[in-house]
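**Q** Model the full structure from these sequences, guided by the hints.
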Amino acid sequence: MNISLCELRCGDAATVKRICAGGCATRRLYEMGFNTGAKIKVIKNDFGPVIVSLFGNKVAVGRGLAQKIMVDG
Amino acid sequence: MRTIALVGNPNSGKTTLFNALTGSNQHVGNWPGVTVEKKEGKLNFKGKEYNIVDLPGTYSLGAFSEDEVIARDFILSGNPDVIIDVVDANNIERNLYLTTQLLEMGKKVVIALNMMDEAERKNIQFDIGKLSKKLGIPVIPTIASKGIGIEDIMQASIDMIYGDIGTGSPLQYNEIINHHIEYIENVLKDEKLPYPIRWTALKIVENDEEVLQKLEESDISDDSMRNIEDFFKYHSSENFELEIIDSRYAFAHRVTEGAVKRPQEESTTLTDRIDRIVTNKYLGVPIFAIIMFVVFQLTFEIGEEILGEAAVSLIENLGGLIQVFLIAIKAPNWFISFIIDGAINGVGAVIEFVPLITILYLLLGFLEDSGYMARAAYVWDNLMRRLGLQGRAFVSMIIGFGCNVPGIMSTRTLDNKKDRMITTLINPFMSCGAKLPIYSVFIAAFFPNHGGLILFSLYTLGIMIALIMAKVFSKTLFKGESSYLIMELPPYRMPTIKNVLRNMWDNIYGFLKRAGTTVFAVVTLVWVLAVLPASAEPYGQFTILGRMGTFLAPILMPAGFGNWQASVALFAGLPAKEAVVGTLGLLYAGEYAEEGSLLINSIQQHFTSLTALSYMVMTLLYTPCAAVLGTIKKETGSIKWTVFMALYTFAIGWIVAVMVFQIGSLLGFN
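As given, the protein sequences belong to chains A and B, one line each in that order. So that you can map any letter, position 11 of the first sequence is 10 in numbering that gives the first Met the number 0, and since no number is skipped, the others follow by simple counting. So that you can map any letter, position 74 of the second sequence is 73 in numbering that gives the first Met the number 0, and since no number is skipped, the others follow by simple counting.
No lab work stands behind these hints: they were computed from the structure. Careful: at least some of the hints might be erroneous.
Distance windows between CB atoms, simulated [said to hold, decoys possible]:
{"hint": "1", "chain 1": "A", "residue 1": "12", "chain 2": "B", "residue 2": "456", "range": "21 to 27 Å"}
{"hint": "2", "chain 1": "A", "residue 1": "46", "chain 2": "B", "residue 2": "554", "range": "15 to 21 Å"}
{"hint": "3", "chain 1": "A", "residue 1": "23", "chain 2": "B", "residue 2": "36", "range": "21 to 27 Å"}
{"hint": "4", "chain 1": "B", "residue 1": "36", "chain 2": "A", "residue 2": "38", "range": "33 to 39 Å"}
{"hint": "5", "chain 1": "B", "residue 1": "217", "chain 2": "A", "residue 2": "9", "range": "49 to 55 Å"}
BS3-like cross-link-like pairs, simulated, lysine-lysine; straight-line CA separation at most 25 Å [unchecked claim]:
{"hint": "6", "chain 1": "B", "residue 1": "37", "chain 2": "B", "residue 2": "133"}
{"hint": "7", "chain 1": "B", "residue 1": "474", "chain 2": "B", "residue 2": "417"}
{"hint": "8", "chain 1": "B", "residue 1": "129", "chain 2": "A", "residue 2": "38"}
{"hint": "9", "chain 1": "B", "residue 1": "41", "chain 2": "B", "residue 2": "145"}
{"hint": "10", "chain 1": "B", "residue 1": "470", "chain 2": "B", "residue 2": "497"}
{"hint": "11", "chain 1": "B", "residue 1": "133", "chain 2": "A", "residue 2": "38"}
{"hint": "12", "chain 1": "A", "residue 1": "38", "chain 2": "B", "residue 2": "260"}
{"hint": "13", "chain 1": "B", "residue 1": "121", "chain 2": "A", "residue 2": "38"}
{"hint": "14", "chain 1": "B", "residue 1": "145", "chain 2": "A", "residue 2": "67"}
{"hint": "15", "chain 1": "A", "residue 1": "67", "chain 2": "B", "residue 2": "417"}
{"hint": "16", "chain 1": "B", "residue 1": "121", "chain 2": "A", "residue 2": "40"}
{"hint": "17", "chain 1": "B", "residue 1": "416", "chain 2": "A", "residue 2": "67"}
{"hint": "18", "chain 1": "A", "residue 1": "67", "chain 2": "B", "residue 2": "280"}
{"hint": "19", "chain 1": "B", "residue 1": "145", "chain 2": "B", "residue 2": "497"}
{"hint": "20", "chain 1": "A", "residue 1": "40", "chain 2": "A", "residue 2": "67"}
{"hint": "21", "chain 1": "A", "residue 1": "40", "chain 2": "B", "residue 2": "497"}
Note that the coordinates shown come from a computational prediction; the quantities given were computed from them, not determined experimentally. Beta carbons are placed, not taken as given, at the ideal position from N, Cα and C, and that holds for glycine.
**A** Given below as structure tokens:
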């Protein structure tokens, strides 16, 4: 089942399934590496932006945007 | 001359490589988005000169923000002979995404696989030969910060320019997309296109607005254009662009497979440990405040109290020597007055603050080079969102502490217009280095024991006003959605002495240059107006300047500092803020010919603690200098916004200064 990135907890690993944001934001996320099938790991998710590890790099994603990134649960 | 362009993701080390190649001293830092302009330099390699172009970092050629547009436009239209694609070895898959786009364009590309030292530390292993073979282009390992691989990358680039190496796209898309590309290629086959046909077709399928726009502007036939429009009508529900992005990543993945080996388990790094503390839910903002407090405390303690006194006595002794010399050679009195009052007391008063700003820029440079900037964006995102902005805007604000010009330029990295405008409009409330001399003169005169605290409070007040105005603007002038934060958090790096000193020197040089040009010109003008007409007592109320000041003074009366010299100094600060101190130095010193710290003594006579405070608040907030207004004009392209900026900041400065004075008076301070 797909859930949003915000629902993951610190340390959880997941795969990006799809992004339900507007055209521009979706493209931006895709081009920064959040494309279908990208493997991510949540490093921090308590307040403010979610920090994920993506290809071994850390990326901070604003909460509102993180809600639109659907991952497998 | 052949042109070599440096292209790559943000923070992959393009500018570091550029500096290594050209011997330039461009500003570098450890956060994504340091470079927002195209920079050019020359390199002489094996007897030939090459033009090297450094571009802002970008994740893709589908540009969103202004800095990315600059990079993209140059790649598309600047026709570089070869592109050095700077790839961060720690993050090769994501970086190769841009590489695939460059290859698709049929550009000649050489990869600089940069930051190899860090990748090695992380135990990432590369089979360079395999990478190069799979991509079909040279891959050169580099460590730009240490100058390693520079020769090789140049040799590879030049071989690429003169060699007959066909690049062409090694990418394959799925059948449906291929079919569409071929269809569009067929539509366009008789047209004269600004770009290669296959790439143009791909971009059309990808729904790339920029390329579609360019096509419409070119002399492509109406028939073809209609065909393209029909294609979109027919396929409007399908998201080819995302499929194409996925194919590019799939290609990048295939390239790295078997050629890049990452350790199974990523170990916890020092960066992770630091981040756990500085991005902590409760500690994040307080830690930011502590860092800023330490910056200002150190600036004040070291810059002013330790190094500052030496500078003051140096200038004074020099002034004394020059005076003796001028009298000895029987120079005319007016000339002596000009040199001593104008140049020494005016410009000298500014030069005295070199130690102070040296320390400030040293510390800010350290902060920028460490990697903390991106964390500040993270920590502040939550609050910034509530004010209608996003965390990244905060980075522009911190840059503004050094100088508002680069602060405003850095707003180019923001994705949407609304964010950019608001962040630009509030930037002048971030107190820049040039205002430091003003504060320190007043602090020395009235609050000598609380310098760091007063400075910190002023900067905090600036931030608070900026945040309040951000909220006001996002509720009134710029409604609508703000963009979301999406920012890489680079690993912390020990700032290199070379970079920190370079950034510091750039700023000191700018400061000295302004002192020698703008400030000198302003002070000269002020001096002339302050001694004319000859019938009036020099530096008195009946000189031209005195009359002008007396006319202006009532405006500032409610803020408590209604003496004409103070008013004139504020206006003299419009060309450059350092001129405020220069002008005060000239006017007050001309009035009281005492020994010792002339300026400070006379300020004590003209101000009280309370009016000193309201004067500092006024200089903190009021109209930014000409250079900043010029930048706003350039960046917004609008006279209207420039004038608005000049006037609204003056109004805010006046209101807050009046409040400080009036409330302070009511509470019985003076």
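**Q** All the hints need checking, so say for each whether the structure fits it.
**A** Here is how each hint holds up against the structure:
A C-beta distance of roughly 46 Å is found between residue 12 (chain A) and residue 456 (chain B), which places it outside the suggested range of 21 to 27 Å. The hint said 15 to 21 Å for the Cβ distance between residue 46 (chain A) and residue 554 (chain B), and at roughly 45 Å that hint is violated. Between residue 23 (chain A) and residue 36 (chain B) the CB atoms are about 24 Å apart, so this pair conforms to the stated range of 21 to 27 Å. Against the hinted window of 33 to 39 Å, the Cβ-Cβ separation of residue 36 (chain B) and residue 38 (chain A) comes to about 36 Å, which satisfies the hint.
With their beta carbons about 52 Å apart, residue 217 (chain B) and residue 9 (chain A) fall inside the hinted range of 49 to 55 Å. Using a Cα cut-off of 25 Å, the hinted pair residue 37 (chain B) and residue 133 (chain B) is violated, with the two alpha carbons roughly 31 Å apart. Annotation: proposed proximity of residue 474 (chain B) to residue 417 (chain B) holds, straight-line Cα distance about 11 Å (limit 25 Å). Restraint check: the Cα-Cα separation between residue 129 (chain B) and residue 38 (chain A) comes to about 24 Å, which is no more than 25 Å; the hinted pair holds.
Restraint check for residue 41 (chain B) and residue 145 (chain B): satisfied, since their Cα atoms lie roughly 20 Å apart, inside the 25 Å limit. Annotation: proposed proximity of residue 470 (chain B) to residue 497 (chain B) is violated, straight-line Cα distance about 40 Å (limit 25 Å). The straight-line distance between the Cα atoms of residue 133 (chain B) and residue 38 (chain A) is roughly 23 Å, inside the 25 Å bound, and the hint therefore holds. Annotation: proposed proximity of residue 38 (chain A) to residue 260 (chain B) holds, straight-line Cα distance about 16 Å (limit 25 Å).
Restraint check for residue 121 (chain B) and residue 38 (chain A): satisfied, since their Cα atoms lie roughly 19 Å apart, inside the 25 Å limit. Note on residue 145 (chain B) and residue 67 (chain A): the hinted pairing is violated, with a Cα-Cα distance of about 41 Å set against a maximum of 25 Å. For the proposed pair residue 67 (chain A) and residue 417 (chain B), the alpha carbon gap of about 22 Å is at most 25 Å, so the pair holds. With a C-alpha separation of about 18 Å, the suggested pair residue 121 (chain B) and residue 40 (chain A) falls inside the 25 Å cut-off, and the hint holds.
Our distance criterion of 25 Å between C-alpha atoms is met by residue 416 (chain B) and residue 67 (chain A), whose separation comes to about 22 Å. At roughly 22 Å between alpha-carbon atoms, residue 67 (chain A) and residue 280 (chain B) fall within 25 Å of each other, so this suggested pair holds. With a C-alpha separation of about 11 Å, the suggested pairing of residue 145 (chain B) with residue 497 (chain B) holds against the 25 Å cut-off. Distance check on the hinted pair: residue 40 (chain A) and residue 67 (chain A) sit about 16 Å apart at the alpha-carbon level, within 25 Å; holds.
As the CA atoms of residue 40 (chain A) and residue 497 (chain B) are separated by approximately 35 Å, the hinted pair breaks the 25 Å bound.
Consistency note: the structure conflicts with the earlier hints numbered 1, 2, 6, 10, 14 and 21.
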